[in-house]
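Trainee: Based on these hints, arrange chain B on the given structure of chain A.
There are 2 protein chains.
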Amino acid sequence: MQNFDYKTPTRLIFGKESIEKLPSVMAQFGKRILLTYGGGSIKKIGLYDRVKELLKGYDIVELSGIQPNPKYDPSVLDGVRLCKEHNIDVILAVGGGSVLDCSKAIAAGACYDGDPWDLISYKVKAQRALPVVDILTLAATGSEYDTFGVISRTETNDKIGYGDPLLYPVASILDPVYTFSVSKKQTAAGCADAMNHTMEQYFTADTTLLNDGFCESMLRSLMVNVRKCLDNPEDYTARAEFMLCCTYGCNGILSLGNSPSGWPCHGIEHALSGYYDITHGEGLAIITPRWMRHILSERTLPRFVKYGINVFGIDASLPQQEIAEKAIDATYRFFESIGIPMHLREVGIDDSRIDEMAQHIADNEGLENAYVPLTKQDIKEILMASL
Amino acid sequence: MQNFDYKTPTRLIFGKESIEKLPSVMAQFGKRILLTYGGGSIKKIGLYDRVKELLKGYDIVELSGIQPNPKYDPSVLDGVRLCKEHNIDVILAVGGGSVLDCSKAIAAGACYDGDPWDLISYKVKAQRALPVVDILTLAATGSEYDTFGVISRTETNDKIGYGDPLLYPVASILDPVYTFSVSKKQTAAGCADAMNHTMEQYFTADTTLLNDGFCESMLRSLMVNVRKCLDNPEDYTARAEFMLCCTYGCNGILSLGNSPSGWPCHGIEHALSGYYDITHGEGLAIITPRWMRHILSERTLPRFVKYGINVFGIDASLPQQEIAEKAIDATYRFFESIGIPMHLREVGIDDSRIDEMAQHIADNEGLENAYVPLTKQDIKEILMASL
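As given, the protein sequences belong to chains A and B, one line each in that order.
Everything in the first sequence is counted per the working numbering, starting at 42 for the first residue and increasing by one.
Everything in the second sequence is counted per the working numbering, starting at 42 for the first residue and increasing by one.
In isolation and in its complexed conformation, chain A is listed as follows (with noise of 0.2 Å):
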């Protein structure tokens, strides 16, 4: 078990009519507040509305049009200078996980003077952020309980998980209510998304039999909720723990004494967005089985035999090889079955740019430090299999 120093300070007020208490919450951080919102499905929602009144008597500068994978510019740069020329107090950012994201990298730019990407780029480490508090309308990413934002530059096809303990949003609003329109691909796609993030921390070399009880815990559960929530987009108890396990995706609560895996199918699916802007969860679904078939060998066997009996129920007294090839094809099948397209030809990606994308992946994202180290070969491998 490795050591690691841990915390969450995040408050999470969940459930019904939990936004009852956003006028409390942002009573602790002053008048002025950046309200950040995607493109207007929280009108559709009432939630805009619903956060102008419980907000009368506040100096709210708003941010509108973050797009999904948000962009540094306009969105960051455009939120750094709204926050300095109003003398912003606090952020409020009711949407998704990117305009979560987007809102963190706003948070760290608004106190600093020089360019934000400095502090993005890990060039210079932010001293102080303003506080961020969230209304959260998308079960996914995790950002609600996490440090992380990722943004992306479109010029350099950068994508940059950027990460700073300063980030953690104060406080999360979570009503299951406002996922009830969420569309079925946006569900699925949240889905595969909460499903990579726990497998990342599941799959590496040293782990414990309570965070592998966690982990597969969470893939059972969003694997039953996600396909109520299909069913019945407003099944509340199946919304309800599909946001909470989505929640948990990222904080590290699942994989506190892991050693570090390297997330290596974030690694591969950051270039995937940022060279073609495609939705995360879905590049991340059509990766991940590619990925666990590249990379099943001797060594790693033991873990996805254990994943196969314990995630899929895949019958323990098979030969080891076939648990895990059968639990390699099962979760394949799995991300097909809620609908999410399993070949990058079918998002618009072709084969013109794997050699590139791959070379952009191995400078840039450390996967030769990955539970198995993957080399430029690897990677172009993995994306040629995933066409």
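You may find that some hints are simply not true.
[Said to hold, decoys possible] In silico negatives: residues of chain B with every beta carbon more than 12 Å from chain A: (1) ASP90; (2) TYR99; (3) PHE189; (4) GLY204; (5) ASP205; (6) THR245; (7) GLU257; (8) TYR317; (9) PRO343; (10) LYS367; (11) PRO382; (12) ARG386; (13) GLU387; (14) GLY407.
[Unchecked claim] Footprint (simulated), chain B over chain A, 3 or more residues, beta carbon under 8 Å: (15) 44-53; (16) 244-251; (17) 258-268; (18) 272-282; (19) 291-298.
[Claimed, not checked] Quick list of in silico lysine to aspartate or glutamate cross-link-like pairs, EDC-like style, CA-CA up to 16 Å: (20) A:LYS417 - A:ASP404; (21) B:LYS226 - B:ASP272; (22) B:LYS72 - B:GLU126; (23) A:LYS62 - B:ASP370; (24) B:LYS62 - A:ASP46; (25) B:LYS57 - B:GLU275; (26) A:LYS125 - A:ASP154; (27) B:LYS57 - A:ASP46; (28) A:LYS57 - B:ASP46; (29) A:LYS421 - A:GLU409; (30) B:LYS347 - B:ASP370; (31) A:LYS421 - A:ASP392.
Don't read these hints as lab results, they were simulated from the structure.
Yeah, the Cβ is synthetic: ideal placement off N, Cα and C, and Gly gets one too.
Mentor: Structure of chain B alone, referenced to chain A:
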């Protein structure tokens, strides 16, 4: 799924030599420290000297002799007095759950002008508390990651679980090596304590697949690892995983969104150790299987079946009633197998005060609201069956 409002801001500094971070942790709070500890085992293992060496330059006032089932008088009262006299900035608790529990009550009492019992008995809500840092030497109570302290007042046989969000330790330093010298008796009692914490959350009306899986993983890991700790007290990996399991016991993460269970075994055990000063974990181990048998009914059967299959691996094809009964037997036999005395008689409790204790529990523990409500008569029957 129930609404919840959750936050655990405690920093966990976990692993070999994590004590090296002590000076940087303490530096945040000021120069005047109240160092609290128990009967001197921290001197035997060299921890006392190490702490003093690392904190050279600090003004350290000591409160020693804190007992298991820590006492309001003298420990809490002495600690509060010392804090006020010496204008203490921060409390450093070095020891097990009892030292830490006592330190939490001191932390609140030190910032209150009246009788500290006002706070512990919930007559007055604390407005402030001194920060508490701990270095844990016994894995059991989970106090290092929760808001609770349990305080005994001898003259009234009161043993009260006192909790307040102000009382989360700011940092818990958890080096499994400091638990190598814990006796077999205390290791087994710690296991029973942590297992019961998990069961108290698992056996309730409204749970989730996710939380059930978390709890089942905890129970399986505790059972496997306690055996390794008993066989080889210096098995670092087993002590480490065991310690982390115990840490999760009471901080809520195992049951976010579950309906409240009322923690019935704790309610009953608090009277046992309040009246007789027995080891808390042993009291819990004795009560738990008798409580289980008492509440087994058509309504609760499915919970016991799930527990039996997923925790003890009982054959799922057996009749449900049989699975449940085997699960309860297995619980009893497991505690017995790790050396816990499984009858009240063996820990010095006869039937002479059972009626009085049952009345005390019925009057004070709110068990009419438990998962299965318990009257005085129910409590009496459980105690009688435990003799």
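Trainee: Tell me the numbers of any earlier hints that the structure contravenes, in ascending order.
Mentor: 7 and 23
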